[in-house]
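Throw the hints in and build the complete structure from the sequences for me.
As they're listed, the protein sequences go chains A and B.
Residues 263 to 739, numbered by this note's numbering, are exactly what the first sequence covers, in order.
Residues 301 to 695, numbered by this note's numbering, are exactly what the second sequence covers, in order.
Don't take every hint at face value.
[As the list claims (entries may be wrong)] As a list, the in silico DSS-like pairs of lysine-lysine whose alpha-carbon atoms are at most 30 Å apart:
| # | chain 1 | residue 1 | chain 2 | residue 2 |
| --- | --- | --- | --- | --- |
| 1 | B | Lys565 | A | Lys342 |
| 2 | B | Lys596 | B | Lys643 |
| 3 | A | Lys392 | B | Lys323 |
| 4 | A | Lys316 | B | Lys467 |
| 5 | A | Lys342 | B | Lys596 |
Calculated from the structure, these hints are not laboratory results.
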Amino acid sequence: MKYEIVIGLETHVELSTNSKIFCSCGGHSSPIEPNDCVCPACAGMPGMLPVMNKRVVELAVQAGLLLNCEISKYTTFDKKSYYYPDLPAAYQTTQWFHPICKNGHVEVTTKDGTREIGIKQIHMEEDAGKLVHDEWTDTSMVDFNRTSVPLIEIVSHPDFRSADEVLTYLKNLKAMFRFAGISECEEGAMRCDVNISLRPEGTTELGVRTEMKNMSSLVSIERAIKYETARHMDALERNTEVLVQETRRWDDTKGRTFSMRNKETAADYRYFPDPNLMPIVIDDEWLGEIRDNLPASIEEKTAEYKDYGFGDKEIEMLISERGLCAILDAVVDGGISPKSAAAWILTECAGILRKNGELVGSLSIEPSKLVTIIKMVEEGKINRGGGKKVLAAVLEKDVDPVQFCKDNSLDAQADEGAVAAVVADVIKNNQNAVNDFLGGKQKAFQALFGGCMKELKGNGDPQVIRSLLEKELEKLK
Amino acid sequence: MKYYISEINKDGTIAVDDTILVKGVLCSAGSHIMDGFEPLFSAEAVERLEKAGYKLSGKTNVGEFGLDLMGEFSYYGAVSEGGKLAGAAAALVKKGEAKAALNVDLNGSPRRAAALGGVDFIKPTYGTVSRYGVIPAACSGEQIGVTAASAEAAAEVLGVIAGHDDKDGTSLPQASYEYKTDEGVKGKKIAVISELFDAASDEVKKTVEAYAEGLKAEGAEVKTISLEEAKAAQLAWTVLSAAESCNNFSRYDGVKFGYRTPDYKNIDDLYVNTRTEGLNFLTKATVLYGSNVLSKGRYFDCYDKALRIRRLVSEKMAEIFKEFDAVLVPACGEASYEEYDIKEAFEKTYKEALFTAIPSITGIPAMATGGVQLMAAAFGESTLLSVAAAMERRG
Chain A
263 MKYEIVIGLE THVELSTNSK IFCSCGGHSS PIEPNDCVCP ACAGMPGMLP VMNKRVVELA
323 VQAGLLLNCE ISKYTTFDKK SYYYPDLPAA YQTTQWFHPI CKNGHVEVTT KDGTREIGIK
383 QIHMEEDAGK LVHDEWTDTS MVDFNRTSVP LIEIVSHPDF RSADEVLTYL KNLKAMFRFA
443 GISECEEGAM RCDVNISLRP EGTTELGVRT EMKNMSSLVS IERAIKYETA RHMDALERNT
503 EVLVQETRRW DDTKGRTFSM RNKETAADYR YFPDPNLMPI VIDDEWLGEI RDNLPASIEE
563 KTAEYKDYGF GDKEIEMLIS ERGLCAILDA VVDGGISPKS AAAWILTECA GILRKNGELV
623 GSLSIEPSKL VTIIKMVEEG KINRGGGKKV LAAVLEKDVD PVQFCKDNSL DAQADEGAVA
683 AVVADVIKNN QNAVNDFLGG KQKAFQALFG GCMKELKGNG DPQVIRSLLE KELEKLK
Chain B
301 MKYYISEINK DGTIAVDDTI LVKGVLCSAG SHIMDGFEPL FSAEAVERLE KAGYKLSGKT
361 NVGEFGLDLM GEFSYYGAVS EGGKLAGAAA ALVKKGEAKA ALNVDLNGSP RRAAALGGVD
421 FIKPTYGTVS RYGVIPAACS GEQIGVTAAS AEAAAEVLGV IAGHDDKDGT SLPQASYEYK
481 TDEGVKGKKI AVISELFDAA SDEVKKTVEA YAEGLKAEGA EVKTISLEEA KAAQLAWTVL
541 SAAESCNNFS RYDGVKFGYR TPDYKNIDDL YVNTRTEGLN FLTKATVLYG SNVLSKGRYF
601 DCYDKALRIR RLVSEKMAEI FKEFDAVLVP ACGEASYEEY DIKEAFEKTY KEALFTAIPS
661 ITGIPAMATG GVQLMAAAFG ESTLLSVAAA MERRG
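Here it is, written out as structure tokens:
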């Protein structure tokens with residue numbers, strides 16, 4: 263019999279906010295030491311009250327818009343009760359009754375074609391802390407830094423039919439959320455619960471399902487799905503075991519899943535509306551604002567850059583990092599042609615960063631400064647070599663480009679008059695070389711040219727020097 | 301007999317319930333499980349008092365998490381006056397040892413204590429005083445109120461602690477936080493709810509009747525009405541407050557602060573033994589009841605229904621306040637209470653909730669004064685204080 267794999271995903275994504283979901287502690291990337299980023303509120307101390315972070319609502323709505331969801335006009339928070347040492351108040355604030363987004367869908371394209379994956383809902387919730395077990399002292403320690411970091415959970419319908427589709431979907435989500443500034447999606451910031459079952463092809467009833475919780479590596483997810491598929495297949499075809507609905511743990515080293523002695527399936531979370539958080543009403547005006555603030559999607563940006571005449575490779579480099587796109591767009595808005603802007607970013611900036619062992623993706627520059635530099639070069643106030651020097655100084659010390667040119671006499675070097683004076687000097691002081699040249703020795707020209715460059719300390723525009731030198735020597739013929 | 305669990309200033313004038321946090325002062329909420337808990341911040345109400353120049357006298361004894369009638373089941377022992385149960389704050393105010401006291405009203409306890417102790421207590425409209433820094437139990441209804449010897453003193457202190465607070469998401473911005481005591485009684489229409497009146501003892505009935513006569517003599521109109529949802533409000537508030545308390549008390553697990561059992565080998569033992577040893581019988585009963593009404597099979601029949609009753613009772617009360625300025629009812633069923641076995645506490649507090657649940661579940665203001673209880677429409681604090689003040693002037 264042929265079987266069909268049926269997979270549903272619950273994907274947790276950490277949101278890129280400056281503060282936690284219900285207090286003003288820093289967001290996910292702030293802390294360095296354990297329990298650096300904790301206050302009475304996120305530590306669940308009695309007497310604290312949650313205060314909603316507006317940005318979390320906005321980012322959750324943006325995620326919903328990207329996944330073609332209906333956005334709830336009325337959304338509420340609920341308390342989910344369970345005991346675990348990493349959950350300081352013994353309840354997690356989440357959305358059970360009225361999630362913020364519902365009924366979305368997203369397409370995934372694999373070698374088997376394009377299929378639509380239904381999104382049941384997206385809800386907002388707070389993350390839990392982290393337990394650190396020290397085997398040497400036989401103690402467990404709790405780190406509350408991650409407690410109350412905002413998450414969205416994206417619940418898909420059981421619409422995936424292969425590991426390939428799951429991976430494509432997750433990669434797409436990652437790229438989409440990173441690009442929109444919704445989540446940085448770094449290691450561990452995107453975690454998945456994978457629900458998997460098999461059924462005879464052509465049937466509609468779902469088979470016995472197993473769940474693998476809290477998986478964050480794409481490689482592990484793929485291996486785990488393949489392992490579970492084989493295990494289910496063996497059970498169904500060869501009766502190797504009786505499948506039961508359960509949660510299983512993926513062991514990456516052993517390359518297999520293990521049944522968990524599972525209390526959680528029996529747990530009753532006793533959800534109820536959180537009386538400390540008022541319902542949130544998302545009216546058309548606010549929704550419109552959030553929609554307007556949603557950055558262009560990857561597809562839209564790609565199309566825009568194609569219109570600019572960029573090549574595929576350039577587009578790929580730019581799209582890989584929304585920060586680069588933001589710089590490029592701002593430079594273009596500053597009056598620089600797209601091609602020139604792209605060249606300065608992807609060639610000149612990238613070159614300087616590479617020398618320091620950094621990738622172009624980490625570029626951080628005030629776009630207005632880059633505009634100033636490019637304009638000075640394009641208007642001939644400084645030459646391209648001078649432009650690169652200013653750029654390097656801006657990238658390293660964030661100097662003011664105009665002031666830097668003045669201080670280092672870069673602008674003077676571009677002045678043809680100054681170059682002309684140097685050329686005249688060089689001709690006057692190198693009569694031998696001049697005579698050699700006039701006598702037909704082309705090599706002598708290089709010597710004179712080099713002399714000019716040396717005098718100008720490498721700041722002169724080679725084109726300008728060459729043409730002036732040629733002109734002056736012509737006069738002597 | 302312990303009035304204060306901890307004293308703060310010898311020359312302080314305002315007592316504060318031990319369910320309200322004061323930075324650096326150990327806070328027990330009357331419970332063993334809070335052992336050694338030192339708050340990192342003060343309640344907003346406390347901050348406001350101190351900023352206005354008032355000095356705190358100390359933290360007053362309360363029943364564990366404020367769940368009992370008036371403090372009889374504090375880990376630090378019951379307070380009694382002349383062999384009868386009494387609230388610590390009410391007793392201190394009555395003796396003149398404190399000018400006023402802040403108390404958390406979640407189940408009517410400070411209202412009962414004031415009515416029986418011969419002082420005033422006002423619970424303002426929900427959202428008037430910030431709950432930031434209140435040891436949480438029944439978040440959807442609890443409010444800090446003021447115990448004082450007179451309506452004027454209560455109005456003064458309430459005016460100081462009331463106000464919008466960004467730290468409390470349920471804090472409701474209001475146009476004014478000034479409370480009047482001079483609106484008088486003349487021409488006011490007052491309703492007596494028969495379901496509450498009839499359930500009280502004869503002695504309590506007499507007190508209510510005498511108060512009603514006084515109101516009439518001052519020119520008010522008093523009429524008896526029926527509120528058939530009164531019993532539903534009593535049950536619904538018990539469901540909601542127990543459920544919320546159960547959830548809020550889960551944080552006392554021996555992991556982070558407070559009491560921890562010496563007897564554990566693993567995390568489950570740590571939780572179970574800490575809570576078994578650290579919580580009293582009434583709290584455990586409340587937790588079990590609250591857990592039950594939230595459980596999968598019961599949520600819609602119990603908790604969700606209680607939320608619907610809350611709305612229904614709110615609407616009914618709004619109807620009543622279209623016609624009447626205030627409601628006059630007993631504050632409790634008996635004229636006095638003696639110490640009793642804690643195993644009876646859940647039933648006893650449930651029974652008393654008939655008299656106090658309506659303001660808790662609907663959020664309307666209520667006041668214990670002259671041994672009775674007054675209620676008014678939302679933001680009707682000045683009406684309550686003015687009626688009480690006029691009756692107090694009458695003597």
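Results of checking the hints against the structure:
Between Lys565(B) and Lys342(A) the alpha-carbon distance is near 27 Å, which keeps this suggested pair within the 30 Å criterion. With a C-alpha separation of about 27 Å, the suggested pairing of Lys596(B) with Lys643(B) holds against the 30 Å cut-off. Straight-line distance between C-alpha atoms of Lys392(A) and Lys323(B) comes to about 28 Å, which keeps the hinted pair within the 30 Å bound. About 14 Å separates the Cα atoms of Lys316(A) and Lys467(B), which keeps this hinted pair within 30 Å; it holds.
Of the pairs offered as hints, the one joining Lys342(A) and Lys596(B) holds, with about 12 Å between alpha carbons and a cut-off of 30 Å not exceeded.
Violated hints: none; the structure is consistent with every hint.
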